Amino acid sequence: MITQYFDTSIKKWRQLFIGLGLLLIVLFALNISLGSVDIPLSSVIDFILLRTPVDNSWHLILAKFRLPKALTATLVGGGLGICGLQMQTLFRNPMAGPFILGISSGSGLGVALIIFLGVEAGLLFELSVIARSWIMVCAAALGSFGILLAIILASVRLKDSVTLLILGLMLGTASSALINILQYFSQATNIQAYLMWSFGSLGSLSWNELMIFSVIISIGMIMSIGLSKSLNALLLGANYAESMGVDLKIIRVLIIINTSLLAGTITAFCGPIAFFGLAMPHIARMLFNTTNHLLLTPLIILIGGILMLLFDTVSQLPGIEATLPINAVTALIGAPFVVYLLLRKKNIHYTFDK
Amino acid sequence: MLLGCEKNKPINKLHETLSSQSLVYATKFNIQEDHLSVMEPWPGSKSAIDYTFESIPQRVVVTSTTHLPYLELLGLEDKLVGFVGTNNIYSEKINGHLKSGKIVELGINGKINLELLLASQPDLVIAFDLGGESTTLDKIVEAGIPIVYNSDFLEETALGRAEWIKFFGYIFDERKIADSIFSSMVERYQYLKSLTQNVTERPSVFSGVVYGDTWFLPGGKNWSAQFIKDAGGTYVWEDNLSSGWLELSFETVLDRAREARFWIGVASINTRTELMAQDARYELFEAYQEQRIYNYNKRIGNNGGFDFFESAYARPDLVLADLIRILHPELLPNHPTYYFQKIL
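So the sequence lines, in the order shown, correspond to chains A and B.
Anchor point for the first sequence: position 35 equals 35 in the numbering used here, and the numbering is continuous, going up by one each time.
Anchor point for the second sequence: position 156 equals 510 in the numbering used here, and the numbering is continuous, going up by one each time.
Treat the hints as calculated values from the structure; they're not laboratory data.
Any given hint could turn out to be false.
Said to hold, decoys possible - Below, simulated SDA-like cross-link-like pairs (lysine to any residue); rule was C-alpha separation at most 25 Å, straight line: (1) B:Lys493 / A:Lys64; (2) B:Lys493 / A:Gln183; (3) A:Lys64 / B:Arg413; (4) B:Lys433 / B:Ser401; (5) B:Lys465 / A:Lys64; (6) A:Lys64 / B:Gln645; (7) A:Lys64 / B:Glu628.
No experiment lies behind these values; they were computed from the predicted model shown.
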């Protein structure tokens, strides 16, 4: 049925994807051109066309700061959006997001342990041969995958998705409580370092880190496209899915692994980025009026990237030397959106109550 | 003894000998014949608080490591009975008192444990309040222990902050000693400053490291910018009008400071390898390539207390001498740096 609909309107969708692709390129170029340092458009064009640079400083800024940041933003936006979509469908809950299973709290706990205990024990400085940022990334990844492992073990035993959801919330709350206790016993400078991490950052990835980051996120995105068909079946209800020959247990575990891989990696490298994953699937559903995951998944990868590039451009406050934390910008635009969702609740329920 | 907020109190007998010499640099407190006024007890406070003292405090609790050097300079460390967050203390003398049990730990992370405070029976608590809403401090007053607010951190000049030694001098009736310590320090500061007045080359300086996406730097009118100027350097953000702190992006700092000669104050980082481990893009700075990076970690206690954050506010003359030594070594060939060190 869905494929039939897809066939008849294939031309329309193709045009839409090409349009969104072009928009992504435009915003990518805009994001690279605008920043706190005023770089003339001609230099940006020189950079894009790989011509020999006029001012070396501008070239360095474009190559070492803006390009990796724009790539990171594109991947983060799409990745978080997909996580949100998968969680909302899996739990049949419009308020679910990528961090609903406690993934960000788990990462936070890993980072907090490193910052608060590692620094105090002098551990970080002795390990300074290994890049400090890698230690943080590994700690965050270990934290979120620890939570993930608990959830997967539970998901094999538990049949009910709502129970899983509550388990995730509990694990997340417990992690936050531990972070609070660690903070209470820590020095002000460490608390500041942790706060900075929790603000989120798109611009601190080096090319080396970005290489690994983009490989993992790409794998996660490809995996999500592969899962789209099963998500469509899930949307029609568990019984219907089983009647179509979908093994619910395996699909559930695969979705959780996929989300954790994406959200865990993003949080590890960029910190917890708020609201994005929750809001993105709703924006996509409303804008394009479809609930078909085969379309939604690539759509969200595209508009997630587009919007994150836009938010990042805003957070750089072009022309002003100061910057805003990316988390403040996403949440500032995300929070009113959640309010808007609540006011239109009827409309959202319709998505899940087929 | 009691502290009050009333004006027009009878002249205190203890302070009869006081001269009416006013403060030179400090603007956030004021010494009158009969009372001590803290003009802005916490940030944004509109009304001053006046304190009168009927006797000299004998058992005192202070809440910031920056209060300690004033007590030590005045020889008053014996009166200290409690401290909040003792693991931050650098001073050897005070750590010795801590070991022998003369000073009690009153709480971690700046949070005062009320029961421990009451048990240490202080007759005065010298506190600071960053936001004007500290409920713990209200509780202490409720328990009958007098509090004096110290807002030295609101001073906008380094000498103004150091002049708070007179605040402690007044409370403990050591005003003459406080005056003489301060005026000789100002003399040394002015002498050091005069050394750099005719330097032909004023090397450029920037500071700080990036946290997340944000690089924190002192504003152009911040007192650390004044230090750089007095030491014969040029602060890269000299034209900035803020007396607070700037939150800049890495690219802005790179754009302005790439060719700066000195990079002074790289937080807790001790080696260039550590810098690289944090962010490889630091290597783009000329100061990095030419190894002219300094931190203020020469004096760190066994338990991690930074002397720079403890005593440097009371000793601007030493800070200035250090900076001159770094920027113009030929002017102070015999002064080894006190707080600052080169990172390799």
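Practice task
Take the C-alpha atoms of Lys64 of chain A and Gln645 of chain B, compute the straight-line distance between them, and say whether it is at most 25 Å.
Solution key: 21 Å, holds
Practice task
Decide if the proposed pair is consistent with the structure: Lys493 of chain B and Gln183 of chain A, CA atoms, cutoff 25 Å inclusive.
Solution key: 24 Å, holds
Exercise for the section: For the pair we were handed, Lys64 of chain A and Glu628 of chain B, check the Cα-Cα distance against 25 Å. Expected result: 19 Å, holds
Handout entry: Given pair status - Ser401 of chain B, Lys433 of chain B, alpha carbons within 25 Å
Key = At roughly 30 Å apart (the allowed maximum being 25 Å), Ser401 of chain B and Lys433 of chain B break the hint.
Exercise for the section: Take a quick look at whether Lys493 of chain B and Lys64 of chain A sit within 25 Å of each other, Cα to Cα. Expected result: Distance of about 53 Å is beyond 25 Å: violated.
Handout entry: Pair hint Lys64 of chain A and Arg413 of chain B, alpha-carbon separation not exceeding 25 Å
Key = Violated. Lys64 of chain A to Arg413 of chain B sits at ~57 Å, over the 25 Å cutoff.
Exercise for the section: With a cut-off of 25 Å on the C-alpha distance, tell me whether Lys465 of chain B and Lys64 of chain A pass. Expected result: 42 Å, violated
In summary, the structure is inconsistent with hints 1, 3, 4, 5 from the numbered list given earlier, while agreeing with the others.
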